[in-house]
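Asks: Top line first, the protein sequences correspond to chains A and B.
Residue 470 in this note's numbering sits at position 470 of the first sequence; the count goes up by one each step and never skips.
Residue 140 in this note's numbering sits at position 140 of the second sequence; the count goes up by one each step and never skips.
Simulated from the structure, these hints should not be mistaken for lab results.
By construction, the Cβ of each residue, glycine as well, lies at the ideal position given by its N, Cα and C atoms.
Where hints are given, some of them may not hold.
[Stated by the list, open to error] A partial selection of chain A residues facing chain B, derived with a Cβ cut-off under 7 Å:
(1) L17
(2) A159
(3) M338
(4) S344
(5) K366
Spelled out from the first residue to the last, the chains are:
2 protein chains.
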Amino acid sequence: MKKYQQLAQKLIDQIELGVWIPGDKLPSIRELVTTSEMSFVTVGHAYHLLESQGRVIARPQSGYYVAPKADNLKPHPVSQVNQDEAVDINTYIFEVMQAGKDPSIIPFGSGFPDPLLFPHQQLNRSLVHTSKTTSALSVINNLPPGNIDLRQAIARRYAQQGMSISPEEIVITAGALEALNLSLQAVTEPGDWVIVENPCFYNALQALERLRLRALSIATDVDEGINLEALEQALIDYPVKACWLMTNCQNPLGFTLSPEKKRRLIALLTKYKVVLIEDDVYSELYAGRDKPLPAKAWDTEDMTLHCSSFSKCLVSGFRIGWVAAGKHAPRVQQLQFMSTLSTSSPMQLAIVDYLATRSYEQHLRKLRRTLSSRKKSIGQILQRHLPREVSIHYNEGGYFLWLELPRNLDASELSKKTLAQGISIAPGKMFSTSDLLSHCFRINTSWEWGEKEETAAKTIGEIIRRMIIQSQLSGQV
Amino acid sequence: MKKYQQLAQKLIDQIELGVWIPGDKLPSIRELVTTSEMSFVTVGHAYHLLESQGRVIARPQSGYYVAPKADNLKPHPVSQVNQDEAVDINTYIFEVMQAGKDPSIIPFGSGFPDPLLFPHQQLNRSLVHTSKTTSALSVINNLPPGNIDLRQAIARRYAQQGMSISPEEIVITAGALEALNLSLQAVTEPGDWVIVENPCFYNALQALERLRLRALSIATDVDEGINLEALEQALIDYPVKACWLMTNCQNPLGFTLSPEKKRRLIALLTKYKVVLIEDDVYSELYAGRDKPLPAKAWDTEDMTLHCSSFSKCLVSGFRIGWVAAGKHAPRVQQLQFMSTLSTSSPMQLAIVDYLATRSYEQHLRKLRRTLSSRKKSIGQILQRHLPREVSIHYNEGGYFLWLELPRNLDASELSKKTLAQGISIAPGKMFSTSDLLSHCFRINTSWEWGEKEETAAKTIGEIIRRMIIQSQLSGQV
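Working from the sequences, and respecting the hints, build out all of it.
Replies: Structure below.
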């Protein structure tokens with residue numbers, strides 16, 4: 001192949017890879033001469049060849065542009081290559097979540113709250129304000145454990161609830177997810193036993209898998225939460241290192257543990273010297289009069305790492321969370337320092353600025369009201385459109401509903417069918433290591449419902465009805 | 001203890017923990033009545049008690065404020081508790097890095113370039129611009145693998161060097177550090193052997209330790225880089241899974257591998273089917289005429305994960321990096337999805353906006369010129385002030401100098417002594433699993449030098465002279 005043909009082929013490769021897309025201006029002849037070390041004549045030849053093949057369009061006085069795409073020239077993204085590999089739980093979860101990225105899908109399966117509920121404008125104002133007033137050197141102040149003003153603001157929110165947490169115990173993280181992962185890693189070694197709820201937040205299962213820990217799933221009731229008798233039995237039978245729980249507005253079930261149960265939980269874990277990793281990202285979204293305390297409030301032995309974030313109640317895209325890690329804070333800091341170094345400083349500063357405007361409480365009140373009323377009305381609509389064989393478990397707080405199909409039906413099957421109709425749901429299999437909850441699914445009720453969503457609810461209802469009939473027919477055979 | 005005494009004690013606890021600092025306005029009586037569920041009288045009593053103890057100051061018509069701190073009321077930050085624990089390499093590195101956070105320390109040991117060299121104003125303009133123009137829903141577009149415009153902009157920079165990398169192969173990460181960690185995790189299992197350079201970037205050692213991998217350190221020359229014969233011997237003797245190298249402006253030594261050596265490196269790794277994790281964060285800071293290619297440019301088997309970032313050449317606080325991971329991209333995405341979820345969306349968008357202004361190249365040219373001239377002149381100053389027993393290794397590109405003390409001296413010892421004088425250096429021990437380089441240290445030359453820095457160089461010279469004399473005396477005994 002001649003030099004100009006090689007160059008032309010390279011440009012075709014780049015177009016097929018998506019580096020340049022139809023309509024993009026390609027590098028000028030002069031630029032290519034510099035970077036490729038070929039002559040003007042050679043580069044010119046390459047472009048003429050591409051033009052003659054209809055791959056580029058020459059615009060006089062302007063340059064060469066990528067031609068509109070013909071159907072047989074589709075790029076082959078790398079991500080398609082691996083889709084046929086063996087599916088494990090992570091791949092399954094990842095696929096369900098990736099489906100949610102498609103804006104045409106109705107996101108009942110999403111874990112995120114409707115971002116339109118967030119104070120986008122005020123946050124931007126804070127971002128603009130801080131970026132205008134901070135110096136280039138401020139980066140250093142935001143290294144682990146994170147910006148001191150932000151840690152202090154978080155400590156004060158604990159203080160509002162009567163909890164005394166030093167800013168020194170708090171590490172700022174990339175959302176609660178990094179906080180939870182670092183906490184788990186700080187207190188375990190590969191091979192250790194860790195207790196989780198069944199069902200639990202799927203990231204707990206993923207984190208355990210990633211850190212090569214062994215999971216003990218404890219039966220967890222949709223209204224009452226974790227079964228403390230089963231928990232104690234597990235603590236007796238296994239050398240458990242840590243326990244990862246959600247105590248307020250649990251995901252996916254929605255319950256909030258009573259104060260008495262939180263007290264008993266802590267007493268139990270203290271007795272067996274087991275660290276509690278408390279995932280508490282939804283407590284700002286409580287529906288009642290007072291914000292529920294975390295279990296950490298009952299902990300007098302500094303054995304709870306309390307993880308939370310602003311992602312569910314203020315802004316998800318900033319990726320700002322934290323852990324109140326007590327004596328484990330230095331280890332958590334070190335682990336962060338080794339893995340992501342730190343959280344981005346403009347994001348930390350913008351949240352400090354926003355919190356200082358004092359409009360946070362007002363925003364939260366409005367958010368709680370909206371989420372609460374949406375959950376109620378969506379619950380009613382679902383009741384209307386789903387067959388009565390489906391149980392809808394209603395819990396106050398948060399923005400999830402937990403639904404149960406008849407036991408012989410598979411919610412993963414339902415999920416596949418609804419996704420084919422452009423509707424995502426979150427099937428029980430995502431939240432459990434066992435098959436006990438494969439007939440359940442979670443619905444996100446944070447989004448505003450219109451006609452499209454109500455039609456989607458009807459569609460789900462029809463699919464379930466057909467699944468019920470089919471299962472009856474196959475039962476008769 | 002009575003109720004009002006309990007409340008007063010809680011407020012004292014919070015003040016001692018640093019939740020409230022001297023001068024802070026404390027919660028109003030009304031707020032405390034609401035949150036503590038005590039009566040107005042009780043809360044009032046508590047504040048009177050604190051006032052009588054001199055802990056708070058009452059300001060009429062305004063509220064209660066924390067009194068100035070008396071010396072015996074110092075808070076006891078948690079981080080002090082663990083300082084006496086057994087020191088491992090990570091704790092050592094962490095301490096050296098934490099010392100750099102103190103703005104009074106002269107940061108010769110820092111790994112960061114002088115942030116004043118970054119286009120702070122233009123970046124802020126981009127941040128302001130994007131925050132004004134993006135919708136709340138943009139968050140979804142920035143989930144792993146990251147914003148498509150940013151991935152495309154990065155793919156185009158590869159294309160400028162003649163490399164064809166699809167945006168689909170690129171995952172946006174929290175700096176290169178997350179990219180490297182995720183890459184390493186994507187291609188290894190705990191217990192696997194991984195090759196690193198000796199000396200190498202200390203985060204490589206930390207990452208290996210964190211992921212419970214086994215390190216094989218290969219002798220690496222200050223000018224020529226890794227010893228390929230030693231590398232091949234290691235590949236023959238051990239079942240090596242991956243090789244983590246810096247090919248351009250290596251940290252800490254500063255060399256750039258020749259194109260021929262990169263080609264041979266790739267040929268060797270291809271022969272033994274070993275994945276290359278290429279840490280290439282400094283290649284934009286080359287000093288010569290053309291940006292050096294990464295070793296990945298010679299890779300035809302898709303076995304190189306190329307990691308880089310904007311942290312060393314544009315802005316460190318944003319924490320935006322990437323990996324061009326080829327066929328490993330889906331696994332890297334999944335691992336990110338499990339550990340930090342994603343990179344913050346305003347940071348990604350601001351960099352896209354900045355890159356679109358086309359001032360990046362101009363900034364880079366200026367940055368390279370400044371770094372290059374500072375390195376030269378600081379090298380000369382050091383030459384003048386350090387005893388001639390110290391060898392200064394000069395390499396083009398990047399902003400580090402590598403210095404060698406006489407072999408019997410310990411640079412960690414020197415580091416302790418200079419730190420006591422308010423000067424940090426980065427001792428060889430940070431970059432190596434062996435003791436072979438304990439007499440070496442790294443100096444950051446990116447900062448502007450004035451009188452203070454020159455005096456610091458003199459101080460280092462004097463300390464070294466004294467160490468040489470002491471070692472001679474003890475040698476005579």
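Asks: Taking the hints in turn, state whether each one holds.
Replies: Comparing the hints with the structure gives:
| no. | hint | result |
| --- | --- | --- |
| 1 | L17 | holds, 4 Å |
| 2 | A159 | holds, 5 Å |
| 3 | M338 | holds, 4 Å |
| 4 | S344 | holds, 4 Å |
| 5 | K366 | violated, 15 Å |
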